[in-house]
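**Q** The chain contents come next:
2 protein chains.
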Amino acid sequence: MPRTVRFRTAAAGVTAAKGFSAAGVPCGIKTKRNAPDLGLLLSDRPCVIAGLFTSIKAPAAPVQWDRALCRRSIARAVVVNSGNANACTGERGDRDAAGMAIAAADSLGLDPDQVAVASTGIIGRPMPMDNVVAGILDAADRLSPDPAGAAAFAHAIMTTDTVEKTLAVRTVIGRRLVSLGGSCKGAGMISPNLATMLAFLTTDAAVSPAMLRRALKAAVARSFNCITVDGDMSTNDTLLLLANGAAGNPRIDRPGRAFDQFAAALEFVCVRLAKSIVRDGEGATRFVEIRVTGARSDKDARTVARAIANSPLVKCAVHGGDPNWGRIVCRAAGCGAAFDPAKTRLRLGGALAYSRGLPARTSLDRLQAAMKEKDVDIALDLGLGRGTATMWTCDLSRDYVKINADYHT
Amino acid sequence: MPRTVRFRTAAAGVTAAKGFSAAGVPCGIKTKRNAPDLGLLLSDRPCVIAGLFTSIKAPAAPVQWDRALCRRSIARAVVVNSGNANACTGERGDRDAAGMAIAAADSLGLDPDQVAVASTGIIGRPMPMDNVVAGILDAADRLSPDPAGAAAFAHAIMTTDTVEKTLAVRTVIGRRLVSLGGSCKGAGMISPNLATMLAFLTTDAAVSPAMLRRALKAAVARSFNCITVDGDMSTNDTLLLLANGAAGNPRIDRPGRAFDQFAAALEFVCVRLAKSIVRDGEGATRFVEIRVTGARSDKDARTVARAIANSPLVKCAVHGGDPNWGRIVCRAAGCGAAFDPAKTRLRLGGALAYSRGLPARTSLDRLQAAMKEKDVDIALDLGLGRGTATMWTCDLSRDYVKINADYHT
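Taken in order, these protein sequences are the chains called A and B. For the first sequence, the residue numbers in the numbering used here are 45 to 453. For the second sequence, the residue numbers in the numbering used here are 45 to 453.
Hint data in this document are derived by calculation from the structure and do not stem from the laboratory. Given the structure is predicted, the values throughout are model-derived calculations rather than measurements. One should not assume that every hint holds.
For chains that are exact copies, the list does not tell them apart, and a pair is met inside one copy or across any two.
Claimed, not checked - In silico BS3-like pairs for lysine-lysine, Cα to Cα no more than 30 Å straight-line: (1) K319 - K261; (2) K446 - K387; (3) K76 - K416; (4) K387 - K101.
All chains, full assembly: derive it from the sequences and hints.
**A** Put into structure tokens, the structure is as follows:
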């Protein structure tokens, strides 16, 4: 990322970019009365679209719909609902996903092939299509390019999220002011490749399909694929990026300065949104950054970082503010990656906790203080090579158990 | 396992077999006053010994000591402490592990090379050797072949365990009454290869070193390697089996009927002890059996069974008694094993929950009842081949978090 790139963060999320309008309405998919559960996003002109999806072997119906759409690279709108995942719903699920696109296309005067669909919520229940269609008509009437439209959209995609996750930046590319913004939802079932989540990003930059995909892949590798809440992937993970070209910049169709600027802005937004998912993980009280260096390979580093990030024992220690470095070292030593205790150093909040097979002489008070921070920093140097990886996660609290034990099918 | 083998379970654990005596005493390793934390086990004659150990890349000092001892195949005694794992303790740890063997050998009139050593507890603290040596002398004075000796030993190896885990069986092999018994401890940091735990098994059968190792490997593959509490392996996992030949049976030195009988008795004891570890998992309120069939390979089946068993979301659903089959199917579909939703069937407590891509028509009441059992039965048929695997685990409760967040370094 060029270090000279500057952004201004902007208030609106999916409507920060020119030409986009959005809405969010309640339509009765969620059992809670008047909870917003249907979002609609429209561009006033055709967009280049790029998407990344769950790698699970039983993807939900809307994921399959969007994969086909992203192969064509052109879209005008997105319809999304929360409260029902439309997953494990068989052929009826496929018809319902198409039905959502058709209803949105009808009410917006578009071709259904230009409408992306996303769903999140409970698995294995048929979509209440009467409610969904009514919601789409209602949302189409309320589409707004104002921040209020983006906020309503952000609200409508939430499930167990406790806060809306929205961000936008502005930067100059090709002498034009370009905006890039988005919203995401996460909370539970969060794990890399992708993090289990929905994210919708919009920009008014003009970008070719190939370069848009390239920028998105790179940004996601350094953001959404670095987060985990509980190691579980979902059927519905979807990330969509729409670029409508309304900023009027010369179209970015090759590597170079303009592409680098765009990619940097995209990575900035993705990192911030991804971290916001972890900070709002189910029951989370602390944010944890795990940096692994000195691994034999980047792959080994990722294995170690992910093993630590997904260890219930480590996450409980973080919750308790306990500098239990033994659990961290154990997890690194037991996950299959190359490991030599005599070469390993572990730092908690910058303070050496374990070095070359032995506990360090750092005072317990110092280590405890590091673990009681709101943001906990775990840095493990394996001393074996040049492999590095970073993961972001949260602690494991009683509230995570409460949320997931009391959530009833 | 031959189905005709009959066992009588017996009261004593490690002293059920002839010629073994045991003791357990408090010596101040644990901070809690008078908590038993040192166990001693002695055979009145040389034993053949077989062991299985953690596969972690930073094993504790006693594990390294015992590996060397098991290569020589001969032992007379075991000394074990709880409260301190003697792990991440560097060269001093190695000296202390040897010191425990030397102190036990001195007080029992043995060669230190005949004494196995095991430790469990906190990582990274030097062993309080003055206490340990005093405890060994005390325990040597109290060695008893009675059930009380076995019970004191079982008690002394506990950490966060809430119950002693002890079992013995008697059976006739080669016209002689043979006894086989043992004790183990587990509770947290429990995962396959091995389950993170200590287990000590004794038998008065006469068995050759090679056949003892063979029987132990087979039994552990079907027992301790099938359990998981939280997916974490420890630095100290140790399982030792001592056979002293006092039963006077013709020495088992080849495959055949006598070997099969012995192997069956050993598997029976290992399965019961392994399950008792899961039932007493930290904060556990339910026992879960996960049976995967129809996988493309046994390896795939194990991957799926383990992924389900270690999913915090599945474990929370079990805790809440919620038939959230979506989480189970998701985990199976997302763990990397071959998976086709159209061929998959999931049963909860025998009732069909999901079949070929769709929720089954079983009533929610029926499924809920299955998940509210004390023993929850999850059977997943992937419909792709002949691979099978079984895992045993427990639910994830607020108490697990409490125990592991409030445990302080």
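**Q** Tell me, which hint numbers fail for this structure?
**A** Those not satisfied come down to hint 2.
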